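Construct the complete structure from the given sequences, taking the supplied hints into account.
Plus 32 on top of the position in the sequence shown (first one is 1) and you've got my numbering.
These are calculated hints, taken from the structure and not from any lab test.
Here the structure is a predicted model, which means the values were calculated and not measured.
All clues given are correct.
Straight-line alpha carbon distances no greater than 20 angstroms define the calculated EDC-like cross-link-like pairs of lysine to aspartate or glutamate that follow:
hint	residue 1	residue 2
1	K82	D137
2	K85	D125
3	K177	D137
4	K177	D418
5	K311	D323
6	K177	E138
7	K85	E138
8	K177	E195
9	K85	E176
10	K85	D137
11	K82	E138
12	K171	D61
13	K311	D377
14	K177	E163
Distance windows between CB atoms, simulated:
hint	residue 1	residue 2	range
15	R435	R262	20 to 30 angstroms
16	G130	G256	45 to 55 angstroms
17	R435	L290	25 to 35 angstroms
From the three backbone atoms N, C-alpha and C, an ideal C-beta is built for every residue, glycine too.
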Amino acid sequence: MRRLLGVALSLLLVLTAAPAATAGERGGDRPLPGYTIVNPPLAPATVGGKPTKVLQGVHSHSAYIIEVPPRWNGRLTLWAHGYRGDGDVLTVDTPPYGLRQRWLDEGYAWAASSYYRNDYDVRAGVTTTRELASLFARKVQRPEKVFLAGVSMGGHVIARSLEQYPGFYAGALPMCGVLGDHELFDYFLSYHLVAQALTGIRAYPLPPDYSTDVVPRIRQALAGHEDQFRAIAINLSGGDRPGSEAAYAYWEDFLFGLVTSSDAPSLAENPLQIATNLKTHYRPNGPVNVDRTVHRARPANPVARATPGLTQIPAVRGLPSAPVVSLHGIGDMFVPFSMEQDYRDDVARSGRTHLVVQRAIRTVDHCEFSPAEVGAAWSDLTAWVDRGTRPSGDDVRRTGDPRFGCRFSDRLATGGTRALFPAC
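Below you can see the structure in the form of structure tokens.
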């Protein structure tokens with residue numbers, strides 16, 4: 033995935049003679065050393081026969097896009113993008129799933145930031161997204177309400193933003209989000225440590241040749257333990273649920289390629305330094321007693337794991353300060369469905385379940401949603417904010433129901449991984 037991303041961005045650099053963004057704000061703001069910004073001109077959309085107003089530039093070391101409809105309703109939605117890999121090119125997303133045109137047609141302005149760096153840096157997303165709202169107020173007008181929407185790592189950005197700036201955001205739509213914060217990296221770590229425990233091939237801390245030499249040997253030795261490993265992986269990712277075996281087959285190879293040895297000191301470059309499995313119980317625990325034989329790893333950076341501060345990979349305490357409607361594919365094992373369960377538990381401990389609605393979608397690929405699924409969630413979120421009527425959702429712990437994920441899945445959507453599930 034990183035190689036493909038690098039090729040795509042290289043082509044973009046070749047095709048773009050010069051970035052549309054120029055250093056103009058805050059005394060000549062530019063990307064941080066080592067980064068290049070690519071922000072080609074975005075053609076205005078059309079709303080009611082009239083063009084929108086598009087603003088682009090560089091602010092807080094980040095590229096940005098702002099788009100305002102001809103008849104603006106005074107509201108702004110900020111888009112939080114997902115993980116971009118470790119490349120040195122900063123780019124800006126336009127909102128997918130038909131959201132860009134939907135927002136503009138409804139009178140909403142939207143804005144998006146590249147963040148000031150890549151890697152897994154949630155702090156960069158939280159701060160630059162908030163600063164973009166301030167920039168919007170200076171360049172356009174102070175919005176009456178500000179919403180958040182985003183995907184994947186952007187969900188982590190959203191969850192922490194609601195806690196970092198309580199009262200600032202009116203509502204949020206995280207999708208396929210890392211709402212379980214550190215637990216994502218615990219999950220990645222467990223995937224490998226369980227495989228090591230089942231095969232007897234011990235390799236932790238991970239050696240430099242882990243992905244090239246050790247992982248192929250583990251994969252070969254797993255043949256006699258595949259049933260137990262599959263069941264443990266499914267339980268770690270959210271429990272047995274419709275389509276779970278097909279989801280495991282879809283993600284198995286990818287997950288083995290995710291974890292590599294790294295001695296980078298930065299959390300954003302080396303997230304595994306906060307990962308642990310000290311309190312993880314593995315099920316099923318037979319025929320191999322994994323709970324007893326697995327290597328128990330303490331966080332290599334316990335201070336970063338424990339701090340409540342806004343780090344590159346910050347904790348999410350379950351303290352949303354505005355209504356949240358989240359979407360998650362039940363077969364997603366990259367950012368696993370268990371992230372929703374972790375967030376539910378955190379929010380319940382904080383006594384704020386009344387602010388969170390979660391919806392399970394019958395897809396396997398990461399962030400695989402139809403415009404209808406996303407549009408319905410957005411409409412329900414804004415109606416909740418405006419009229420105070422909390423919409424319906426799913427109980428993300430009731431995954432064993434054979435109809436789990438049917439209620440909010442788009443039955444007219446085809447293609448992708450939807451055929452991996454029995455018909456609703």
